[in-house]
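Chemist: The chain contents come next:
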Amino acid sequence: MNGQSTHVLLIEDNPGDADLVRLRLVQANSAVDVSCFNRLSDGLASIKEKSPSVILLDLNLPDCQGAETFRRVLEKAPDVPVVILSGQDDEALAVKALHQGVQDYLVKGAISSSGLERAMRYAVERQALLRSLEMSRKQQLEFKNQFLSHVSHELRTPLTCIHQFVSILFDGLAGEVSAEQRDHLKTILKSVNQLGAMVRDLLEASRAESGKIRIEPRCVAVGDLIRQAVTMMQLAAQEKEVGLEVGVDTRIPFVHGDPGRVLEVLINLIENGIKFTPPGGAVTVQACLVQTDPDFVYVSVADTGCGISPEARALIFERLYQDPSAVDNNRKGLGLGLFIAKELVGLHGGRIWVASEQGNGSTFSFTLPLYSLAKLLRPVITYQECLRDDLVLVKVVLRPLSKQVRASWKETCQHCLEILQRCVYLDKDLVLPPMTTHGAEETFLVVASTDLERAKIMMGRIREQLGRVPDLNGTGELEVSASAVRLPDGAGRSLEEQVQEVAGAVTEMIHSVV
Amino acid sequence: MKSHADTLCVNFALENDKMANSKIMIVDDDPDLRQALRLRLRANKYETVNAVDGYSAIAMAYKERPDLIILDLGLPAGDGFVVLDRLQKDDKLSAIPVIVLTARDPQANERRVLRAGAAAFFQKPADNAELLDVIRASLNRAGTGTVLPS
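Top line first, the protein sequences correspond to chains X and C.
Residues in the first sequence are numbered from 11 upward in steps of one, following this note's numbering.
Residues in the second sequence are numbered from 41 upward in steps of one, following this note's numbering.
Just so you know, not all the hints are guaranteed correct.
Listed next, the in silico BS3-like pairs over lysine-lysine satisfying Cα-Cα at most 30 Å (straight line) [what the hints assert, rightly or not]:
(1) X:K58 <-> X:K148
(2) X:K250 <-> C:K85
(3) C:K63 <-> X:K405
(4) C:K85 <-> X:K196
(5) X:K118 <-> X:K86
(6) X:K222 <-> X:K196
(7) C:K85 <-> X:K200
(8) C:K129 <-> X:K420
(9) X:K196 <-> X:K118
Have a look at the derived ranges for each label pair, beta carbon to beta carbon [to be verified]:
(10) C:R155 <-> X:K385: 48 to 58 Å
(11) C:P71 <-> X:D303: 29 to 39 Å
(12) C:P71 <-> X:L299: 49 to 59 Å
Treat the hints as calculated values from the structure; they're not laboratory data.
Using N, Cα and C, we set each Cβ at its ideal position, and we do this for glycine too.
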C-alpha cells in the first residue's frame with residue numbers, strides 16, 4: 011500500500027460490525043478510505059467505479075451467503091485481494107476460500123486494529139506476487155513457443171540440405187550408384203523423413219498447447235478420407251507384411267471436419283497400428299454409426315498388435331508419454347503423435363479413446379460430428395410447414411486446366427463460392443458447404459426450390475457470373491448441370507420425416523455426383 | 041488449341057521441348073541449397089541462374105528475365121515478401137511465376153504468400169517430384185498461354 015491512500019471496499023450488512031471495522035482501520039492507518047455496502051450486489055456494482063485496493067467481505071449477507079459469496083466476488087474482481095471477515099470460525103470453509111483465491115479468512119471477534127491492517131497489507135502483497143508469477147508463467151510459455159518455432163525453422167535448413175543431396179545421390183544424378191549404396195541411401199532418406207516429421211510435430215504440439223491450431227471444417231465424406239489415408243499407408247504396411255483393410259459403410263453420412271486434419275489423425279493412428287503390429291497381423295480402419303450417439307460418426311483403427319497395459323492406456327494421450335513396455339523395433343519418436351491427434355479431434359468437437367487388452371491388439375476410436383443435411387435443408391425446402399413442390403440439385407464444377415495446380419487455385423475456388431452465393435435466392439436456395447475434393451477439382455452444389463425448367467435461368471446466371479472471374483478464365487473450366495430431386499409422397503407423414511427423406515435423397519445424389 | 045487428337049500430341053511434344061530450355065532463377069541465401077537445387081533442375085534440363093539476396097534477386101530478374109523464380113522467404117537485403125511485392129509491381133516482371141520454397145511455417149505463411157502473388161508454396165524439405173510437377177505446370181501456364189491436354 012506504500013503509504014498512499016488505500017481504498018477499502020467493505021461488504022457487511024451488520025451496521026455495528028461495519029462501524030467497528032471502520033474504526034479499527036482508521037486507528038491503524040489514517041490514510042484509509044472505506045466505502046461500505048450491506049448487499050453483495052451493491053458492493054459488486056461499485057467495484058468498477060471505485061477500483062478498491064482490497065475487499066473486506068462478510069459471508070452472511072442479505073442477498074448471498076457462504077461460499078457462493080466469495081465465489082461471486084472472485085469472479086467479478088479476480089485481481090483484487092479479498093479478505094473474509096466471518097462471524098464463524100469455520101476452518102473447512104476458510105481452507106476452501108483460500109483454495110479458490112481468497113487471500114485471508116479472519117474471524118470477527120478476534121481481530122485487532124494492527125492485525126486487520128497487517129492482514130490487508132499482506133493480502134495486497136500476496137496478490138501482487140501471484141499476479142507477477144502468472145505473468146511470468148505466460149511469458150515463459152510464449153517464450154517456449156517462440157523458441158520451438160525458431161528451432162524447428164532452423165532445423166529445417168540443414169535437414170533440407172541432407173535430404174536434397176542424398177536424393178541427388180539416390181537418383182543417380184551424381185553418377186552411378188551400386189545396389190548396396192542405394193540401400194544405404196534409402197535408409198538415410200527414411201531417417202531424414204522421420205526427423206522432418208518430428209520437427210513438424212514439435213511445432214504442432216506447442217501450438218496445440220497454446221490453442222493456436224486452426225481448423226477449417228467442411229462437409230466431408232469420411233469414407234473417402236479413410237480410403238485416402240489407407241492408400242497413403244499401404245506401402246508402409248506391405249513393407250512390414252501387415253494387412254491394411256477398410257470397412258466403411260457407403261451410407262455413412264457426411265461429417266463436419268477439416269479434411270487435412272482428419273487425414274492427419276487417421277494417418278497417425280494407422281502408422282501407430284502398423285508400428286505395433288507384428289508381420290502377419292492386420293490393421294483395420296472402420297467407420298460406423300452408433301445408435302446411442304446419433305450425432306457422431308465413429309471411426310476406429312484396430313490392430314492385432316501387442317496391446318496396451320491399463321496404466322499406459324490412462325496416459326497414452328498425454329504429451330510426451332511413451333509406453334515403456336511397447337515392443338517396437340523402430341525408434342520411438344517424440345511421444346507427441348497421440349497428443350496432437352487428441353487435440354485435433356477435440357477441436358472438431360469429437361473425442362478419442364482407446365480400448366485394448368494386453369497381448370490382444372488395440373482399437374483407437376474417435377468421433378466426428380455429423381453434418382446434418384436435414385437441418386441445413388429444412389428452412390429452404392419447406393414453405394408454410396409444407397414441403398416445396400419442386401427441388402433441383404445444381405452442380406457446379408470448377409476444373410483446373412492443367413493437372414498440377416496448387417493453392418492459388420484454392421483462392422480462386424473460394425472466390426467463386428462467394429459469387430455463387432450471390433447467384434441464388436437466400437430463402438429458397440441453399441449453396442451447400444464445399445465438399446472434400448479429389449485433387450484440385452472443386453464441386454459446389456446448390457439445392458434450389460424450383461423445377462428443372464426454371465433452374466436453367468439460375469444456371470445461366472451462374473455461368474455468366476463465374477465466367478467473369480479472371481483467374482478461372484485462364485486456368486480452369488466451368489461445368490454447370492442440374493438434376494431433379496425425387497420428392498417423397500407426403501401422405502400421412504410428418505414434415506420432419508419428409509425433410510429427413512429429402513436429405514437422404516440429396517445425400518445419395520451427392521454421393522453419386524461427387 | 042486445335043481439337044484434333046494427333047495435333048494435340050504434336051503440340052504436347054513441342055511444348056515439352058520448349059520447356060526443356062526454360063530458365064529458372066533460384067533465390068536462396070544458403071549456398072548448399074542453391075547447389076542442390078541447381079543440380080536437380082539441371083538434371084531436368086532447366087537452365088538456372090542464382091541470386092543470393094532480395095536486392096540481387098530483382099536486379100538479376102531484370103538482367104536474366106527468367107521463365108520462373110524459386111524464392112526463399114528469409115533473405116538478407118529484402119526478404120521474400122519484398123521481392124514478391126517488387127516483382128508484382130513491375131510490368132516487365134509480374135508475369136514470371138514465382139514458387140516460394142521456404143523453411144518457414146505454412147500455417148503462418150502460405151496464404152500470405154499466395155495473396156502476394158506467388159504461384160505455389162512449398163515448405164522445405166519439399167518433395168522433388170511434386171516440386172518439379174508444379175514447376176512444369178507453372179511454366180506451361182505462364183509460357184504461351186496454351187495449356188497441356190490432360
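Chemist: Hinted pair, alpha-carbon criterion (30 Å max): K63 of chain C, K405 of chain X. Please report holds or violated.
Modeler: Between K63 of chain C and K405 of chain X the Cα gap is close to 41 Å, so the pair fails against 30 Å, i.e. violated.
Chemist: Is the hinted range of 48 to 58 Å satisfied by the C-beta distance from R155 of chain C to K385 of chain X?
Modeler: violated (34 Å)
Chemist: Holds or violated: K222 of chain X with K196 of chain X, Cα cutoff 30 Å?
Modeler: violated (35 Å)
Chemist: Decide if the proposed pair is consistent with the structure: K118 of chain X and K86 of chain X, CA atoms, cutoff 30 Å inclusive.
Modeler: This hinted pair holds, its Cα atoms lying about 24 Å apart.
Chemist: Is the hinted pair K58 of chain X and K148 of chain X satisfied, with a Cα-Cα distance of at most 30 Å?
Modeler: With Cα atoms ~26 Å apart, K58 of chain X and K148 of chain X stay inside 30 Å; holds.
Chemist: Has the given pair, K85 of chain C with K200 of chain X, been kept, meaning a C-alpha gap of at most 30 Å?
Modeler: It holds: about 27 Å lies between the C-alpha atoms, which stays within 30 Å.
Chemist: Regarding the pair K85 of chain C and K196 of chain X, is the alpha-carbon distance no greater than 30 Å?
Modeler: Given pair K85 of chain C, K196 of chain X holds - Cα atoms ~25 Å apart, limit 30 Å.
Chemist: Within 30 Å, alpha carbon to alpha carbon, are K250 of chain X and K85 of chain C?
Modeler: violated (37 Å)
Chemist: Between the alpha carbons of K196 of chain X and K118 of chain X, is the straight-line distance 30 Å or under?
Modeler: violated (78 Å)
Chemist: Is 49 to 59 Å right for how far apart the beta carbons of P71 of chain C and L299 of chain X are?
Modeler: Once the Cβ atoms are compared, 57 Å apart, the range 49 to 59 Å for L299 of chain X and P71 of chain C holds.
Chemist: Does K129 of chain C pair with K420 of chain X here, judged by a C-alpha cut-off of 30 Å?
Modeler: The given pair, whose Cα atoms are some 23 Å apart, holds under the 30 Å limit.
Chemist: CB of P71 of chain C to CB of D303 of chain X, is that within 29 to 39 Å?
Modeler: violated (58 Å)
In summary, the structure is inconsistent with hints 2, 3, 6, 9, 10 and 11 from the numbered list given earlier, while agreeing with the others.
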